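K.L.:
Given these sequences and hints, build the entire structure.
Chain by chain, the residues:
2 protein chains.
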Amino acid sequence: MQPNQEPEHNAAKVALKSRRKAERARDLLLETAQTLGIITATPYVTEDNVPAMNIAPGQSPFVRQDGHFYCFASELAAHVRALLSQADVRFQLIEDEQSAQNIWARIRLTFLADVKEITRDSSQFDEICAAIDKRHGPVMSVIKPFTDFHLFEITPISGILVTGFASAYDVKGPGFELEDHLTSS
Amino acid sequence: MQPNQEPEHNAAKVALKSRRKAERARDLLLETAQTLGIITATPYVTEDNVPAMNIAPGQSPFVRQDGHFYCFASELAAHVRALLSQADVRFQLIEDEQSAQNIWARIRLTFLADVKEITRDSSQFDEICAAIDKRHGPVMSVIKPFTDFHLFEITPISGILVTGFASAYDVKGPGFELEDHLTSS
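Residue numbers (the working numbering), protein chains in the order written: chain A, 47 to 231; chain B, 47 to 231.
Please note that the accuracy of each hint is not assured.
[To be verified] Computed footprint of chain A on chain B, listed as stretches where at least three residues anywhere in the stretch have a Cβ under 8 angstroms from a Cβ of chain A:
no.: 1; segment: 99–111
no.: 2; segment: 195–208
[Said to hold, decoys possible] Residues from chain B that face chain A, not an exhaustive set, calculated with beta carbons under 8 angstroms:
no.: 3; residue: Pro89
no.: 4; residue: Gln132
no.: 5; residue: Arg136
no.: 6; residue: Glu143
no.: 7; residue: Asp179
no.: 8; residue: Lys180
no.: 9; residue: Val185
Worth flagging that the hints you see were computed from the coordinates, not collected in a lab.
Computed from a predicted model, the values in this text were never measured in an experiment.
Quick reminder that beta carbons are idealized off the backbone N, C-alpha and C, glycines included.
P.N.:
The structure is reproduced here in structure tokens:
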């Protein structure tokens, strides 16, 4: 501490520095992540009449434009049927294990979002499919005609950004703006 | 096709080759993955009396010994409370995005498992914590005394192995032995 600085002033500086660091981690994750985790759960009752949960963790390549995520995925997967039926879905971006500085606290964004299907007759459909093709390669042109595949526009509402031990923030909106600093996640 | 071979014989050869390839992919994933996905969902009712689902996708560094996964994780996280309460949990290992040959079908193992807590007074406790420390670094020794952390033994029962488009298998037991070939996942 420098002699003339108040401790409160230093605490604020440290907090601001942590926040800037978390924002950079968020931006890097948004730039580099290739697939969006799409996780859903459906309650059911077993043969023995016990309530149970069918949990389906899926993931899909995406492009991100103007704060919207776009995914093209098949309804043969449970998590995609959940998107179509507006069921409860949680989304997640997470850094790769190999790039993680701290394997105990991989950088991740977990969020709720509005989901809208972009239908094949929409003027956006071809343009977004072309963007997915450009980023994720020619598989896109192979699967584009398959009618079990649907194009989704996913617009983040709110979530949590974790960037390390004791470094978690509430985030809000399509740009994942940092709100409160959380002490646990 | 060679002149004297039956088409059935060739089909069986192709199926066996695919199966061997899937087994190698499974083994590589088990060797290289560092964190186990632990995903849980808890039903609740909103303020407006609408049934909803709290979906918590978590992950934890692990070691694997004799077919059991061991994780040391804090009950401050919802997915860890789910392990403690024997709630419905889905587990997942998935290859990193950067290593994926096909980003549209990342190699993954999704499974159900038996969960048992290894208590601190167990003779196994120190030995397994040492194995986790050895694999995942000195964070382990820092968090070992924290009483909100618990050590879990996770023993796979059954699941699905996906190794590509049209390459999914039912798997069974702690060794994830391949059973039926599935046509969709």
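K.L.:
The structure should be examined with respect to each hint, and the outcome stated for every one.
P.N.:
Here is how each hint holds up against the structure:
With a threshold of 8 angstroms between beta carbons, the proposed coverage of the segment 99–111 of chain B by chain A holds, since 6 of its residues qualify and at least three are required. Under the rule that three or more residues need a Cβ within less than 8 angstroms of chain A, the assignment of the segment 195–208 of chain B is violated, with 0 such residues. The restraint placing proline 89 of chain B at the interface with chain A holds, with a minimum CB-CB distance near 6 angstroms, inside the 8 angstroms limit. A least Cβ separation of about 12 angstroms between glutamine 132 of chain B and chain A goes past the 8 angstroms threshold, and the interface hint is therefore violated.
Below 8 angstroms, beta-carbon pairs count as interface contacts, and arginine 136 of chain B has one with chain A at about 4 angstroms; its hint therefore holds. Interface restraint check: glutamate 143 of chain B against chain A, minimum CB-CB distance 5 angstroms, threshold 8 angstroms, status holds. Taking 8 angstroms as the C-beta contact cut-off toward chain A, the hint placing aspartate 179 of chain B at the interface is violated, the least distance being around 12 angstroms. Against a cut-off of 8 angstroms between C-beta atoms, the interface hint on lysine 180 of chain B is violated, since the closest Cβ of chain A lies about 13 angstroms away.
The restraint placing valine 185 of chain B at the interface with chain A holds, with a minimum CB-CB distance near 5 angstroms, inside the 8 angstroms limit.
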